[in-house]
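> Under my numbering, the first residue of the sequence shown carries the number 188, and numbering increases by one thereafter.
The hints are simulated quantities; they were obtained by calculation from the structure and are not laboratory data.
Each statement offered as a hint is correct.
In the DSSO-like style, the derived pairs of lysine-lysine whose C-alpha atoms are separated by at most 27 angstroms in a straight line are:
| id | residue 1 | residue 2 |
| --- | --- | --- |
| 1 | Lys233 | Lys256 |
| 2 | Lys292 | Lys280 |
| 3 | Lys280 | Lys309 |
| 4 | Lys246 | Lys292 |
| 5 | Lys292 | Lys230 |
| 6 | Lys260 | Lys246 |
| 7 | Lys292 | Lys190 |
| 8 | Lys228 | Lys309 |
| 9 | Lys280 | Lys230 |
| 10 | Lys246 | Lys228 |
| 11 | Lys309 | Lys260 |
| 12 | Lys190 | Lys228 |
| 13 | Lys190 | Lys309 |
| 14 | Lys246 | Lys256 |
Only a predicted model underlies this, so the values are computations on that prediction, with no experimental measurement involved.
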Amino acid sequence: MSKIVLCVDDSATMQQVADITFRGTEFTYVGARNYDEAIEKAKGQKPAVVLADSVMPGKTGYDLCLALKSDAKTADVPVIILIGNGAPYDGAKGIEVGADANLPKPWDTQVMLEKVTEIVTKASSGVAKPGQGAAATASPAAAA
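Could you build the full structure based on these sequences and the hints that come with them?
Encoded structure:
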């Protein structure tokens, strides 16, 4: 059974990049353009992981992560915060909202696939508690 990757980004270009990244892998890409659409899809489809843009109109990826981690239906879904050029990662906020990791965007396809596979594997095996990994992830500059 394919694992769903819910990519939440207001950029149509980044949605296309995500779609291409996960094509032909064990993962199925599902896109959402904003917070509200992401909440609806996360509750209805139970993704294996959520990729959330840190900066979106209205509510941010941090807001989305906090909402998902605060809801019993989605609390165990790992969340990776995506950091765009010029938008520094707020590590303290990432930890506060329970983010599992962060990655720069645009991303290296291999790095993204490895990180998603690692996080999904840990979450499904119970090795790491969801929301406890943000402190240990590399900064966007180090990950690039």
